[in-house]
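Heads up: the sequence lines are chains A and B, in that order. FYI, in the numbering used here the residues of the first sequence are 114 to 215. FYI, in the numbering used here the residues of the second sequence are 11 to 205.
None of these hints come from the bench; they were simulated from the model. Do not take every clue at face value.
What the hints assert, rightly or not - Some chain B residues close to chain A (C-beta under 7 Å, calculated; not the full set):
| id | residue |
| --- | --- |
| 1 | Trp-28 |
| 2 | Ala-34 |
| 3 | Val-36 |
| 4 | Gly-139 |
| 5 | Gln-152 |
To be verified - Calculated from the model, a selection of chain A residues having no Cβ within reach of chain B, i.e. all distances over 10 Å:
| id | residue |
| --- | --- |
| 6 | Thr-211 |
| 7 | Arg-212 |
| 8 | Leu-213 |
| 9 | Arg-214 |
| 10 | Gly-215 |
For every residue, glycine included, the Cβ atom is placed at its ideal position computed from N, Cα and C.
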Amino acid sequence: VKGPDVTWYLAIAGFMFATGALGVLLRRSPLIVLLSLELMLNACNLALIAFSRLHGDGGGQIFALSVMAVAASEVVVGLGLIVAMARRNLQLDVDKLTRLRG
Amino acid sequence: VTPLLLSSAGGGLVWVVWFGAAIACVASGIAVISFSNPFYSALALIGNLASLAVLYLLLSAEFVAAAQVLVYAGAVMVMFDAPWAGGPSVNRVAAVTAAVAILVEVLVAIGLEADGKLSHSASISGSFGSPAEIGRLFLTDQLLAFEITSVVLLIAAVGGVVLGSQARRYEREAGESGTVPPGEESPTEIPAALR
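Model the full structure from these sequences, guided by the hints.
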C-alpha cells in the first residue's frame, strides 16, 4: 500500500503532543489537565505504532497497548481524586490546591 | 480488513483517508484544550481517539485500533458527568512558549535528523497487527510487559476503590454529625455511576 511516510504520522504525533502539553500547562481545571494528559499519551502511542510499522516489529504495538493500560489506570486514579475533591467541596482549580506546597 | 480494502484501491485513497483523519486528529486535539466546559472537551477527545484509530488502521495496527476505541471510549465516557469547575488561566505566555518549543523540537528532530531513514517501511506479513499476532507476542516475547500491565491495572483498580470508599465515608460522617455546611449536602451533583 502506497501511502504517507512514517514522517507524516510522526508530525501528527508531535503536534498532538505539543497540544496536550499546552493544555496541561495552560488549563487549570483538573479534568481538562487529565484529558490533555490523555492527548499526550495518545501522541506517544501514535509514534510507537508508526515506528512499529516502520520496522515491521510488533513490539511497538505491544507497548502501545501497555501505554493504554497505564492511561486507563491514570484515569481511574485521577478521576477518583477529582471526585474526592469535589465531595469535599475543594475548588477544582490546580492553582488553588496549595496545601501540599513545600 | 482495511489494508485489503485499501490495497485494492491504491495509494490515492490512503492519502485521502490519512488527510481526513489527520485533520480531524489535530482539530479535535486543539478543541480538547480550548473548550471551557470539560464535557465538550471529553467529547472532543472521543473524536480525537476515533480519528487516531483510523491512523492506527492505516499503519496496519488493527488490534490496537480496536482496543483504542473500546478502552478509551469506555474510560472517557465515564468522565462525562464528573463535577468540574473552570477558571481563567495565568502564565499563558510561558505555557505557549513551552508547548511551541516541544513542537519545534519534535519537528526538527523528525525533519533534520531522521528524514532519510523514515521513508522506507519494512515489508510486513499479512498477520502484522492482527489479534493473533498480538496475542502471540504478548505470551512469548513480551510476556514481562503483559505481566507488568496486569499488575498496573490491579493496582489502579484497588486505588480507585480505596479513593472512592474514602470519599463516601467522609460524606457519611459529614451527614451523621449533622454539621454539614451549606453546599455539602448536595450529593445529587455526583452521578450515580461514580458512587
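Please list, smallest to largest, the hint numbers that this structure does not respect.
Violated: hint 2 alone.
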